[in-house]
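Colleague: Chains as they are written, first to last, in our numbering: chain A, 1 to 195; chain B, 1 to 303.
Just so you know, these hints were derived from the structure itself, not from any lab. Small disclaimer: the values here were computed from a predicted structure and weren't measured. Quick reminder that beta carbons are idealized off the backbone N, C-alpha and C, glycines included. Hints may contain errors.
[As the list claims (entries may be wrong)] The calculated BS3-like cross-link candidates involving lysine-lysine, where the alpha carbons are at most 25 Å apart (straight line), are:
| hint | chain 1 | residue 1 | chain 2 | residue 2 |
| --- | --- | --- | --- | --- |
| 1 | B | K135 | A | K161 |
| 2 | A | K134 | A | K88 |
| 3 | B | K74 | A | K184 |
| 4 | B | K75 | A | K66 |
| 5 | B | K75 | A | K167 |
| 6 | A | K102 | A | K121 |
| 7 | B | K74 | A | K167 |
[Said to hold, decoys possible] Listing some non-contacts, in silico: residues in chain B with all C-beta distances to chain A over 12 Å:
| hint | residue |
| --- | --- |
| 8 | M50 |
| 9 | K51 |
| 10 | G56 |
| 11 | V59 |
| 12 | E72 |
| 13 | P94 |
| 14 | K186 |
| 15 | T244 |
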Amino acid sequence: MAAKQGWWAKLRSPSIKFSLLTLLGGGFIAGILFWGGFNTAMEATNTLPFCISCHEMRDTVYQEYKQTTHYSNPSGVRAECSDCHVPKDWGPKMIRKVQASKELYGKVMGTIDTPEKFEAKRLTLARREWARMKASDSRECRNCHTLDGMDLDNQKSRAAKQHENAKAENMTCIDCHKGIAHQKPEGMTEEEAGG
Amino acid sequence: MNKTSIAASVVGLALASMAGSALAAPDWSKAQTREVTVFHPGTSGLEWIMKGTSHGGAVGMSKGETCIGCHEHKKTLKIDIDTDKILNAVKLEPKPLSNHVGSIPVTVQAANDGTHLYLRFSWKEPKGGAEKMDKDNPVKLAVMLDDSKVVAKDSKGRDMKIGTVGGCWGACHTDARTMPGADDKKTKYVKGGTLANGQYYDLIQWKSGKGAKPVDGYVADKRVMEGGKALVSAEGKKDGDTWTVTFTRKLTGGEGDIALVSGKTYNMGFAIHNDHSVGRFHLVSFGYSLGIDAKADITAAKQ
């Protein structure tokens with residue numbers, strides 16, 4: 001068994017110089033640095049500047065979002081892309097990030113790289129998000145909003161009535177609030193419109 | 001019998017017979033008031049109203065929710081409608097409307113005397129100055145009544161009592177005259193409505209023009225502006241900048257007149273054509289229930 005004394009062999013052999021404690025401590029710190037680095041890099045892909053670094057997003061849905069209450073409102077509380085489109089919990093977040101790597105493929109292939117191509121796919125893309133939100137009972141909405149926390153007396157009559165009904169019928173936010181941050185696509189069905 | 005007592009009894013008889021046949025105007029200070037806000041509806045015809053993709057309330061309507069159930073605050077009676085968006089042509093209006101008002105608060109009262117229904121509307125005239133569409137009539141006010149019979153189909157094809165839910169909207173369509181792209185001769189209509197099947201609105205209208213006669217008609221498969229026998233009078237007067245319009249209508253009439261019965265409720269909507277306007281440029285009310293000696297949004301109690 002002639003073991004080559006290369007780097008791999010060196011890694012697999014027991015340490016001569018360092019104690020177990022040193023190795024464990026060093027590994028622990030390295031792990032923190034690695035984890036922190038991984039997380040920082042991943043969270044960087046959740047920031048608004050990152051999302052709109054692609055013109056496909058910047059020139060379409062970002063412009064639409066800027067006209068809505070999630071961008072500018074009396075309390076100054078702003079929801080950015082990842083607040084609605086990326087789950088906060090680690091497990092769902094990892095799954096979503098892996099799924100999102102498909103977008104890199106789309107970027108390379110240019111599937112929505114012109115306004116016309118985007119409009120042609122708008123309904124499909126929207127439906128994908130609506131389905132994802134419906135499946136999680138509007139989890140990203142519920143990161144900030146709850147029906148129980150709503151001061152119905154201080155809402156407009158229409159809003160208060162609809163939220164009362166939603167509570168009574170166990171509805172989920174996305175049942176009605178499609179188009180809350182981006183233009184509603186053409187071709188929505190009546191079912192999609194009202195839960 | 002001496003001459004004085006004969007004379008007195010003759011006068012007494014004459015007075016009594018006059019009182020019997022004369023219409024005593026109700027004591028309006030005793031009639032309940034209801035504040036109702038009329039508003040500019042833009043191009044919101046029934047077809048727009050019934051689509052969930054355009055009007056979020058459509059789903060509720062299919063379940064019997066009335067317009068005021070969502071659009072009128074239960075305590076303040078303020079209406080929730082984006083009239084600014086309509087007047088600025090952001091929504092439901094092709095071109096911005098200058099010199100048109102978004103809404104007018106109106107005080108509504110009703111009463112009955114066993115034989116007649118009295119309806120009284122009072123409001124402060126807002127600033128005008130828009131293009132004169134109806135040169136003869138500065139103001140018009142129309143009322144439509146439904147005996148909970150007018151029906152419209154929702155997006156799933158189910159019948160819905162639109163008169164009960166939405167008052168006049170059963171007769172308002174996006175292809176009626178003054179709607180964008182509509183035939184100038186097409187009047188209000190109830191789809192599938194006929195006098196025979198009872199799906200019609202009884203219509204009465206007061207016009208402010210000099211010598212203008214009140215209208216008593218109906219809206220079935222089209223609008224008919226005459227033929228009603230129930231309307232006795234429609235009078236309007238302006239006191240300063242406050243208009244008061246009173247309708248006197250027999251409880252029962254003829255064809256095209258809904259028979260009003262004590263103890264029952266009906267559906268009512270009204271509209272003011274302010275500032276020489278015509279067609280869809282009226283300020284309209286939502287649907288309200290009208291009760292003859294019965295509790296409703298607007299109660300016509302016996303006096």
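Colleague: Hints first: check each against the structure and report whether it holds.
Modeller: Each hint, compared with the structure:
no.: 1; hint: B:K135 to A:K161; verdict: 42 Å, violated
no.: 2; hint: A:K134 to A:K88; verdict: 16 Å, holds
no.: 3; hint: B:K74 to A:K184; verdict: 31 Å, violated
no.: 4; hint: B:K75 to A:K66; verdict: 35 Å, violated
no.: 5; hint: B:K75 to A:K167; verdict: 22 Å, holds
no.: 6; hint: A:K102 to A:K121; verdict: 15 Å, holds
no.: 7; hint: B:K74 to A:K167; verdict: 19 Å, holds
no.: 8; hint: M50; verdict: 10 Å, violated
no.: 9; hint: K51; verdict: 7 Å, violated
no.: 10; hint: G56; verdict: 7 Å, violated
no.: 11; hint: V59; verdict: 4 Å, violated
no.: 12; hint: E72; verdict: 6 Å, violated
no.: 13; hint: P94; verdict: 19 Å, holds
no.: 14; hint: K186; verdict: 26 Å, holds
no.: 15; hint: T244; verdict: 29 Å, holds
In this structure, the earlier hints numbered 1, 3, 4, 8, 9, 10, 11 and 12 are contradicted, and the remaining ones agree with it.
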